[in-house]
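Top to bottom, those sequences are chains C and E. Counting in the numbering used here, the first sequence runs from 74 upward without gaps. Counting in the numbering used here, the second sequence runs from 74 upward without gaps.
Simulated from the structure, these hints should not be mistaken for laboratory data. Possibly wrong hints are sitting among the right ones.
Said to hold, decoys possible - Footprint (simulated), chain E over chain C, 3 or more residues, beta carbon under 8 Å:
id	region
1	121-133
2	165-172
3	444-458
4	464-474
5	490-499
Said to hold, decoys possible - The calculated lysine to aspartate or glutamate pairs, modelled on EDC-like cross-linking and capped at a C-alpha distance of 16 Å, are:
id	chain 1	residue 1	chain 2	residue 2
6	E	Lys399	C	Glu469
7	E	Lys250	E	Glu625
8	C	Lys399	E	Asp470
Claimed, not checked - Cβ pair distances, simulated, as ranges:
id	chain 1	residue 1	chain 2	residue 2	range
9	C	Lys466	E	Leu109	48 to 58 Å
10	E	Ala88	C	Ser493	28 to 38 Å
11	E	Pro622	C	Pro468	54 to 64 Å
12	C	Pro492	E	Asp576	47 to 57 Å
We treat Cβ as the ideally placed atom computed from N, Cα and C, and that holds for glycine.
The chain contents come next:
There are 2 protein chains.
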Amino acid sequence: MNLKQARERAEALVAQMTLEEKASQLRYNAPAIPRLQIPEYNWWNESLHGVARGGTATMFPQAIGMAAAFDSELMQEIGDCISTEGRARYNEMSKRGDRDIYKGLTFWSPNVNIFRDPRWGRGHETYGEDPYLAGTLGVSFIHGIQGDGEYLKAAACAKHFAVHSGPEAIRHSFDAKASKKDMEETYLAAFETCVKDGGVEAVMGAYNRVNGEPACASKTLLQDTLRDKWGFEGHVVSDCWALRDIHENHKVTKTVEESAKLALEMGCDLNCGCTYESLLSAVDKGLVTEELITKSCVRLFTTRFLLGLFDETSFDSLGFLDVGTKEHEALAHRAARESMVLLKNNGILPLSLEGVHTVGVIGPNANSRKALIGNYHGTAQRYVTVLEGLQEKLPEDIRVLYSEGCHLWKNNVEPLSKPSNSDRLAEAKTVCDYSDVVILVVGLDETLEGEEGDTGNSDASGDKKDLRFPGPQRELMRAVLDCGKPVVVVNMTGSAMDLVLADQKAAAILQAWYPGALGGEDVADVLLGKAAPSGKLPVTFYENTNDLPDFEDYSMKNRTYRYFTGTPLYPFGYGLTYGQLDVVFATVD
Amino acid sequence: MNLKQARERAEALVAQMTLEEKASQLRYNAPAIPRLQIPEYNWWNESLHGVARGGTATMFPQAIGMAAAFDSELMQEIGDCISTEGRARYNEMSKRGDRDIYKGLTFWSPNVNIFRDPRWGRGHETYGEDPYLAGTLGVSFIHGIQGDGEYLKAAACAKHFAVHSGPEAIRHSFDAKASKKDMEETYLAAFETCVKDGGVEAVMGAYNRVNGEPACASKTLLQDTLRDKWGFEGHVVSDCWALRDIHENHKVTKTVEESAKLALEMGCDLNCGCTYESLLSAVDKGLVTEELITKSCVRLFTTRFLLGLFDETSFDSLGFLDVGTKEHEALAHRAARESMVLLKNNGILPLSLEGVHTVGVIGPNANSRKALIGNYHGTAQRYVTVLEGLQEKLPEDIRVLYSEGCHLWKNNVEPLSKPSNSDRLAEAKTVCDYSDVVILVVGLDETLEGEEGDTGNSDASGDKKDLRFPGPQRELMRAVLDCGKPVVVVNMTGSAMDLVLADQKAAAILQAWYPGALGGEDVADVLLGKAAPSGKLPVTFYENTNDLPDFEDYSMKNRTYRYFTGTPLYPFGYGLTYGQLDVVFATVD
Numbered sequence: 074m075n076l077k078q079a080r081e082r083a084e085a086l087v088a089q090m091t092l093e094e095k096a097s098q099l100r101y102n103a104p105a106i107p108r109l110q111i112p113e114y115n116w117w118n119e120s121l122h123g124v125a126r127g128g129t130a131t132m133f134p135q136a137i138g139m140a141a142a143f144d145s146e147l148m149q150e151i152g153d154c155i156s157t158e159g160r161a162r163y164n165e166m167s168k169r170g171d172r173d174i175y176k177g178l179t180f181w182s183p184n185v186n187i188f189r190d191p192r193w194g195r196g197h198e199t200y201g202e203d204p205y206l207a208g209t210l211g212v213s214f215i216h217g218i219q220g221d222g223e224y225l226k227a228a229a230c231a232k233h234f235a236v237h238s239g240p241e242a243i244r245h246s247f248d249a250k251a252s253k254k255d256m257e258e259t260y261l262a263a264f265e266t267c268v269k270d271g272g273v274e275a276v277m278g279a280y281n282r283v284n285g286e287p288a289c290a291s292k293t294l295l296q297d298t299l300r301d302k303w304g305f306e307g308h309v310v311s312d313c314w315a316l317r318d319i320h321e322n323h324k325v326t327k328t329v330e331e332s333a334k335l336a337l338e339m340g341c342d343l344n345c346g347c348t349y350e351s352l353l354s355a356v357d358k359g360l361v362t363e364e365l366i367t368k369s370c371v372r373l374f375t376t377r378f379l380l381g382l383f384d385e386t387s388f389d390s391l392g393f394l395d396v397g398t399k400e401h402e403a404l405a406h407r408a409a410r411e412s413m414v415l416l417k418n419n420g421i422l423p424l425s426l427e428g429v430h431t432v433g434v435i436g437p438n439a440n441s442r443k444a445l446i447g448n449y450h451g452t453a454q455r456y457v458t459v460l461e462g463l464q465e466k467l468p469e470d471i472r473v474l475y476s477e478g479c480h481l482w483k484n485n486v487e488p489l490s491k492p493s494n495s496d497r498l499a500e501a502k503t504v505c506d507y508s509d510v511v512i513l514v515v516g517l518d519e520t521l522e523g524e525e526g527d528t529g530n531s532d533a534s535g536d537k538k539d540l541r542f543p544g545p546q547r548e549l550m551r552a553v554l555d556c557g558k559p560v561v562v563v564n565m566t567g568s569a570m571d572l573v574l575a576d577q578k579a580a581a582i583l584q585a586w587y588p589g590a591l592g593g594e595d596v597a598d599v600l601l602g603k604a605a606p607s608g609k610l611p612v613t614f615y616e617n618t619n620d621l622p623d624f625e626d627y628s629m630k631n632r633t634y635r636y637f638t639g640t641p642l643y644p645f646g647y648g649l650t651y652g653q654l655d656v657v658f659a660t661v662d
Numbered sequence: 074m075n076l077k078q079a080r081e082r083a084e085a086l087v088a089q090m091t092l093e094e095k096a097s098q099l100r101y102n103a104p105a106i107p108r109l110q111i112p113e114y115n116w117w118n119e120s121l122h123g124v125a126r127g128g129t130a131t132m133f134p135q136a137i138g139m140a141a142a143f144d145s146e147l148m149q150e151i152g153d154c155i156s157t158e159g160r161a162r163y164n165e166m167s168k169r170g171d172r173d174i175y176k177g178l179t180f181w182s183p184n185v186n187i188f189r190d191p192r193w194g195r196g197h198e199t200y201g202e203d204p205y206l207a208g209t210l211g212v213s214f215i216h217g218i219q220g221d222g223e224y225l226k227a228a229a230c231a232k233h234f235a236v237h238s239g240p241e242a243i244r245h246s247f248d249a250k251a252s253k254k255d256m257e258e259t260y261l262a263a264f265e266t267c268v269k270d271g272g273v274e275a276v277m278g279a280y281n282r283v284n285g286e287p288a289c290a291s292k293t294l295l296q297d298t299l300r301d302k303w304g305f306e307g308h309v310v311s312d313c314w315a316l317r318d319i320h321e322n323h324k325v326t327k328t329v330e331e332s333a334k335l336a337l338e339m340g341c342d343l344n345c346g347c348t349y350e351s352l353l354s355a356v357d358k359g360l361v362t363e364e365l366i367t368k369s370c371v372r373l374f375t376t377r378f379l380l381g382l383f384d385e386t387s388f389d390s391l392g393f394l395d396v397g398t399k400e401h402e403a404l405a406h407r408a409a410r411e412s413m414v415l416l417k418n419n420g421i422l423p424l425s426l427e428g429v430h431t432v433g434v435i436g437p438n439a440n441s442r443k444a445l446i447g448n449y450h451g452t453a454q455r456y457v458t459v460l461e462g463l464q465e466k467l468p469e470d471i472r473v474l475y476s477e478g479c480h481l482w483k484n485n486v487e488p489l490s491k492p493s494n495s496d497r498l499a500e501a502k503t504v505c506d507y508s509d510v511v512i513l514v515v516g517l518d519e520t521l522e523g524e525e526g527d528t529g530n531s532d533a534s535g536d537k538k539d540l541r542f543p544g545p546q547r548e549l550m551r552a553v554l555d556c557g558k559p560v561v562v563v564n565m566t567g568s569a570m571d572l573v574l575a576d577q578k579a580a581a582i583l584q585a586w587y588p589g590a591l592g593g594e595d596v597a598d599v600l601l602g603k604a605a606p607s608g609k610l611p612v613t614f615y616e617n618t619n620d621l622p623d624f625e626d627y628s629m630k631n632r633t634y635r636y637f638t639g640t641p642l643y644p645f646g647y648g649l650t651y652g653q654l655d656v657v658f659a660t661v662d
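Extracted from the complex, chain C is given alone in its bound form (with noise of 0.2 Å):
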């Protein structure tokens, strides 16, 4: 089924429809239409590192940490995994009647906005700072979710089209003002390559403005650009309820009737959210024309066709036995190892355990499941934290001592505890003492760097103020730091911190993201040298956000490594590895 076929049978097929069948076709949750045998199709699905929120599938590491593998050809096997398991759990579900949301086989995955500026709290969901590499990993990630097959294995979206970034508080009413240059040579230029290299079935319109225009329903955005430029053929959505935002926030429309126009006319073929409930509406009062909508609805029926929705496939004979598999785990394994990027070693690392009889490992992320699983995550099968991960793969003989430490942000554990100092940070200083050697596991999770929560698909949560880590976490790392044994800090957080302590008083630091849900197992291995770090950073690691623009400006004048003209702690692309390479290789298993 080439795309002229499947455009001649959308035709053939929406040519049927009503009106009003035609219309209700452009929302996510598109109803059946029995009469001519069109079942529901709900169009949101998610698997920005696995798929998402469905149910059990493999879990890959956090986007960004994808990313810091620099492996195209490993995005491309992930990207394959994820549409193995999504095929096979589209089979399994709709079989049933389970037609919902999160079932479907249109990926609303990669986001392939630049990691701008290191306090947005999505940016771990991106492939960091750098147009090329995020362009590179997108179109490898699109081509294994899409495949090359006779129909599209599953749909991938490169979203947010364009220039979204931040700040997420006011992601809803936002006018992203920025230059033709920066547009061309960041903002544009990953979604130049997805759509023209990665041949990306859909694109996600941003829900900021761009320059005055909502990305949503932006003429220069998705006429000028996306479709007459670079001859885009699939369709776009909205981001979810960004229709709305255009009335009720950006203020550019008056009516839910105009901000449905609008963005049917600048060619923004599905709402995610419910503003095209009125496009009969708008009909109704001369704004919109049927041409229009039935233009819409083939180019979605096209995507519907390529997929094989309404054919048998190759794909018919996955199911629930392909989700989870050892080969997917071990897959997701790799991608953890490849992920990890050693910032600091003294020499610590490996860990020699001549010695060694007790092994310290403190922290808030030590054994938190939360820390390994990013956001726009699945339910994994297992998983293994840090602290399950090194009690595993230590020698019996050594004895592992464990502490919370602190809290992962509040100022105790316990509520009523006094609020002078953490009421774990005895205990942390406890199990430094009678180690040999102490993990210090910090950092973030989905709660403290995440997503504007209005719209039903996250907890309240949002950006970075800076780059600090939480209070207790900081009065933790001064003690630890300073307990006078050797301390491996391994940072599990999407974006840059201030690493400053860390660097000048811990042997060793591991960034290790938000490894996915087997993580903590290939931390232990890379810690322990059966594995080598070899991950680069994707993002400039800042000393702090003092030498930075504000947040709100999206010049791109002294961000990241392309145009920051001080000195970072880190460096993109910076990672080390173990030096004894053959030694090191010969243990990887």
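Given the coordinates of chain C, work out where chain E should sit on it, guided by the hints.
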């Protein structure tokens, strides 16, 4: 140091204190008196099933599960283990200056209230519905905690004196009316045993009134019964902020000073809360005499001397390496195995793996750490969920498939899913279809059965309305139990549930309670026949609440195995084991 010596030293020390100093020592967070070399001491610590809330410690099954073992020797070993860890933690924390809440040696456990009604959210903290069992296990636990050495190893506290057993929502104002017969035969019996046979060092008053008197200031309970009749010589502590209830909710007094006066006069020595901050004001108003304050202060310092807090003791050598040892973990495993009650078995258990290629593990509690821990828990150094236990213990060549099945209580895991049916149901059915046998793990956790949450020491939670599983779990159970495959139901709750459908349709039912941090391994061992289930129900499992009196009715008529006239689903004391005992025991390691 005998009681007489401790009291003399206490009297001598208290004699040197000013009135202000003495009054300050009657609060749970007693400040230091530097001029008398008295360090601060926070009386509030918890150890219901392991040292709780202070940090890392070995976690045993929740109290109701320990009770199901019907094993008083085990209870004493557990108590001894807890006080070893408690001492070790106290030594380490106090050495490092942390003498805050949850760091002391006065443990406000056990809870020997009678589990009068299956709706009570805190029932799982108790040893069940039988006063004799509660008293016997209470005594063993107390002996384990307190030891029989020169000094108290730690101080236990029998709570909540008396009658206390819900409803949580009205506990601060409720007047429990209990007959003389029920008081003697049911509500007081276990306390009497704990005092007379257990020599318990402390008793905590309840929130509610008992026959008109606030329990924490009841002449009948504290003076006439506890001290005069039973000869109790330890100290009495109020439940937390219970004294405030006397004027604010019970309205037995008009002012905070009057509440302080009443409680102190009736023999409540220690105030968890802030009411005794008004003791000096009560003295000023002529309500309270210095003699009365002195008397309670001497009692409290007697406990501190009995604990050896002002001496060197043989316990001083205990340290962090004595916490969470392999031996302690082995004891937790033993307790978990003994706690499990086999409610039904058509012969499927122990699971024969002949011809089994795929095991399905389904349910919201299958991979839940929260389902392991009950309430009043510590932080474990390792958690093994039921899914993890099965993954670890099943042979490598058996595929384990997993589905969360449903949210613990919400209609859907993902917010935007259709309300029509659960968004994990199709996946659960899929797992069933691919499995040779299904392990369905349902139940509650401390967020669903717990404690009225106004004292800062618990999440908002409370009683059960009835015995039914939350709606999504009922839907899941109906679907899975009808899947055509043999289904073993593992129920993780701390109380009786409506298991009627499971009893009809499941191949086997295992009541696993909240089995402690490592309990998933023990569930797996029991399912796979590496351990034989030997627990017996310490509470009646009713079919429903239809035949029970109102929750607020404190008459024992038609409650518990002793007075219930109906036919329960599973009676008190019920519990199966595996048929071929010789074979089974041969496989116990």
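Here's how the hints hold up against the structure:
Here's how the region 121-133 of chain C fares: 4 of its residues keep a CB closer than 8 Å to some CB of chain E, so the rule of at least three is met and the hint holds. Counting residues of the region 165-172 of chain C whose C-beta lies closer than 8 Å to any C-beta of chain E gives 5; at least three are required, and the coverage claim holds. With a threshold of 8 Å between beta carbons, the proposed coverage of the region 444-458 of chain C by chain E holds, since 4 of its residues qualify and at least three are required. Proximity of the region 464-474 of chain C to chain E, defined as three or more residues with a beta carbon under 8 Å from a beta carbon of that chain, is established by the 4 residues found.
Counting residues of the region 490-499 of chain C whose beta-carbon sits less than 8 Å from any beta-carbon of chain E gives 6, enough to reach three: the coverage restraint holds. Between Lys399/E and Glu469/C, the direct Cα distance comes to roughly 11 Å. Compliance with the 16 Å bound is thereby established for this hinted pair. With a C-alpha separation of about 9 Å, the suggested pairing of Lys250/E with Glu625/E holds against the 16 Å cut-off. Restraint check for Lys399/C and Asp470/E: satisfied, since their Cα atoms lie roughly 11 Å apart, inside the 16 Å limit.
Range check, Lys466/C to Leu109/E: about 52 Å between beta-carbon atoms, so the 48 to 58 Å window is met. Between Ala88/E and Ser493/C the beta carbons are some 32 Å apart, a value that agrees with the proposed interval 28 to 38 Å. Against the hinted window of 54 to 64 Å, the Cβ-Cβ separation of Pro622/E and Pro468/C comes to about 59 Å, which satisfies the hint. The hinted window of 47 to 57 Å between Pro492/C and Asp576/E holds, with their beta carbons roughly 51 Å apart.
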